[in-house]
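Novice: Here are the chains, one letter per residue:
Protein chains: 2
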Amino acid sequence: MDLPREFVCPGAKDVIELLSGTFAERLSVAAAVREQHGRDESWHAVCAPDAVVFAQSTDEVAAVVRACAEHQVPVVPFGAGTSLEGHVAAVSGGIAIDMSGMNRVKRVSAEDMDCTVEAGLTRKTLNENLRDTGLFMPVDPGADATIGGMVSTRASGTNAVRYGTIRENVLGLRAVMPDGRIVDTGGRARKSAAGYDLTHLLIGAEGTLGVITEVTLRLHGIPEAISAATCSFETVDDAVASVIETIQSGIPIARIELLDDVMVKACNAYSKLSLPEKPMLFLEFHGSQNGVAEQAERVSEITLANGGSEFQWSADPEDRTRLWEARHNAYYAAIALVPGKRGFTTDVCVPVSKLAEVIAQTRLDVGESGLTAPLVGHVGDGNFHLIVLVDPADSQEMAGAKALHERLVVRAIEAGGTCTGEHGIGMGKRHFLLKEHGDAVPVMTAIKQALDPQGIMNPGKMLPD
Amino acid sequence: MDLPREFVCPGAKDVIELLSGTFAERLSVAAAVREQHGRDESWHAVCAPDAVVFAQSTDEVAAVVRACAEHQVPVVPFGAGTSLEGHVAAVSGGIAIDMSGMNRVKRVSAEDMDCTVEAGLTRKTLNENLRDTGLFMPVDPGADATIGGMVSTRASGTNAVRYGTIRENVLGLRAVMPDGRIVDTGGRARKSAAGYDLTHLLIGAEGTLGVITEVTLRLHGIPEAISAATCSFETVDDAVASVIETIQSGIPIARIELLDDVMVKACNAYSKLSLPEKPMLFLEFHGSQNGVAEQAERVSEITLANGGSEFQWSADPEDRTRLWEARHNAYYAAIALVPGKRGFTTDVCVPVSKLAEVIAQTRLDVGESGLTAPLVGHVGDGNFHLIVLVDPADSQEMAGAKALHERLVVRAIEAGGTCTGEHGIGMGKRHFLLKEHGDAVPVMTAIKQALDPQGIMNPGKMLPD
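One line per chain: the protein sequences are P and F, in this order. Each residue of the first sequence is one higher than the one before, counting from 0 in numbering that gives the first Met the number 0. Each residue of the second sequence is one higher than the one before, counting from 0 in numbering that gives the first Met the number 0.
It is worth saying that the hints were derived from the structure and are not from the lab. Quantities reported herein were computed from a predicted structural model and do not represent experimental measurements. Keep in mind that a hint or two might mislead.
Copies of the same chain are indistinguishable here, so a pair counts whether it falls within one copy or spans any two.
[As the list claims (entries may be wrong)] Derived lysine-lysine pairs resembling DSSO-like cross-links, with alpha carbons at most 27 Å apart: (1) 434 / 12; (2) 434 / 447; (3) 434 / 105.
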């Protein structure tokens, strides 16, 4: 193997030599492979690791972590690279562990509605595997992320309003801790009161406390009936008012997604649709035939009263798939609006009662900023994104985007909300963590120091320096 | 104030002197008060603290913890004393903080279906407060525990099969950490991906990482229709088979509780009912009028096919209340079966698919043990309790109960389950923690040492020495 001329982390050389015998061609130092593993889908700069190891088992992950711990070399877990906050950037070099080879479904129990999978399995592949069981894993962040990546960033997405986020759908984890120890954090019981909740400590820890290698997930029955519709509005306010009333009525809607007019236009262009280019809700109802009809009727009463259009139904599964694919591709559609731009994505989440006010102020702010920033969101949870189009090399544009983001986050936190509903802190929001959590941050730091005293696990992420 | 002649923890004297000015008559060293705060409802021995402080604010709790930290004196939070694993026993003396004065509802948002309450509020008082809002807090461990106590033991109860445990119903906490620092672990957003999940770390930590002083809770709409029924069976196996089929059918039943014949007999005697003294399910359905009728019909098809009786409906609210009060008093009913006995309670939880086998083996084992041990459980979650009647002074009986418990726990863990579904580890199950969590226990210990290096927070609980 030809080693790179320079290492970002000098100790990486020793680790590579230590591991090359075991991993052979599954350890790569090729520039292209390293580059690919140092970037996600965001605007954050590429930070290539010194080497990439393609792991195939928990024991292999443990061997890599032990070698890195011995030489104080950073470890950066890599799933599908679909993060939006620079989580996979190897800011201090070190070894990226590519988890994509750990993609087995180890066990499915239809009786218990649960399964255990390796962390490198993607959510779409899991659901293809489950199809014959009548069950599905509902958490759906849009991108075809790995389960381990979703767990590590506390992901959610369109279905969370009904089925919860990944946080509510994990029963237990297997993880390699920073000293190479392998731990199982939970069993298969639906509930347990035994010991500290290490499962939830690792969910959303962004790889800074260990590498998740296996996940035991709750599954849900595929509903007897599913129907999807769109509903357009003259103003975003009217759409938001409809969402708030729907949630407050306790209607168990499965999906209720807001797109502003700019976002709808972007989706039309990118996904070849012909939706009216107005603020719009994408809706989905799950239940029995009667239940779905009843829910749809109640929601349509609400939307009509708020000036919404008649529902445009996507009756057959293919239509429905096309609609949700367009929604899932909203990020790509947004960045395709202006060729050459990257997406600077915001991710606040506020109590639903504050949603109308926060969105209205934010849209005014976008207008004044002169930036293009379509809005899309899982508004049933109070979560929405601006996708601010930026050229990362244009410092003025970046400064404008960052200032807009700063104001948005302050607004959200003042409303009782959070700087990130589902994307995580990563590199991009570290300074917001202190603003949001204040005196709780030193507690987080104490935990990090206790479990990873050398600071080798995904350094430069989440916790402020 | 007359100080006790001897202190279990010598440093307590200094703390009492330090605090007596501030707390005056709200600091007690009276033997009766100390005794009362050193015991819960279980068989565990009374361990009185050296003093009891009646706190009225988070700042007061922080002052007590700071004083205790300075003098390395144990702090034991005390809610309603309804724990079943000796959580409130001051095994090393120190200061008990009685939270019952912190019982205010600080905020209710009907729009967001959430509220913030002080930790000393009991669940029944909360629900009385909420009545006019059309909302309720569903987690219901039977006893009228405080919200803080429920959070600390990761409590659940009869409604968890539909509404989740307390773990799924807490949005954020305010807590005093072992150094006296006050932290807020979460805001009011429905979801957040910002930082380590300290909320879930403190849920179920049994007071060993800090004192919870405020809780922000999710609330749920009081259902339009509620109906409750009982259904009796010839055998426990038939009842359990009905439960498993109900859960596997995805019917959103609100409560499905199993009582064996001995337990029904105890409830009849204690709560003056005349239920047939056979294995029995207590059922409750929540939803719209149609939804409830549909659910009940589907479940009754299942129970009839498994040899169950026709449903006996508790139509009006008073009947229903009487039924559930009897269920909630099952523990007291059990110990009243043999006057003078205490309850040695077990609490395993297993995947539902293993429930029939684990219960059948357990009942055989009880039969062979010669002990009286009625069985009752939240079987929809796979959770059940034996209430083994013991005289703690009878060493042979205690040895038999402990051996029975040991075999039950091993059986549950081998089935993928847990030694405690909802009561916690406390004093009683510390040796099981290692059996269940193995290599994860040192990770828990590292967290404990990082956050409470002096080991002052509720010592002698949860973690093995």
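Novice: Next step is simple, just say for each hint if it's right about the structure.
Specialist: Going down the list of hints, with the structure as the test:
1. Proximity of residue 434 and residue 12 under a CA criterion of 27 Å is satisfied in neither setting, with 39 Å inside one chain copy and 40 Å between copies.
2. Taking the shortest alpha-carbon separations for residue 434 and residue 447, both the intra-copy value of 19 Å and the inter-copy value of 26 Å come in at or below 27 Å.
3. Taking identical chains as interchangeable, the C-alpha atoms of residue 434 and residue 105 lie at most 27 Å apart only when they sit on different chains, with a minimum of 23 Å there against 41 Å within one chain.
Checked against the numbered hints above, the structure breaks only hint 1 and satisfies the rest.
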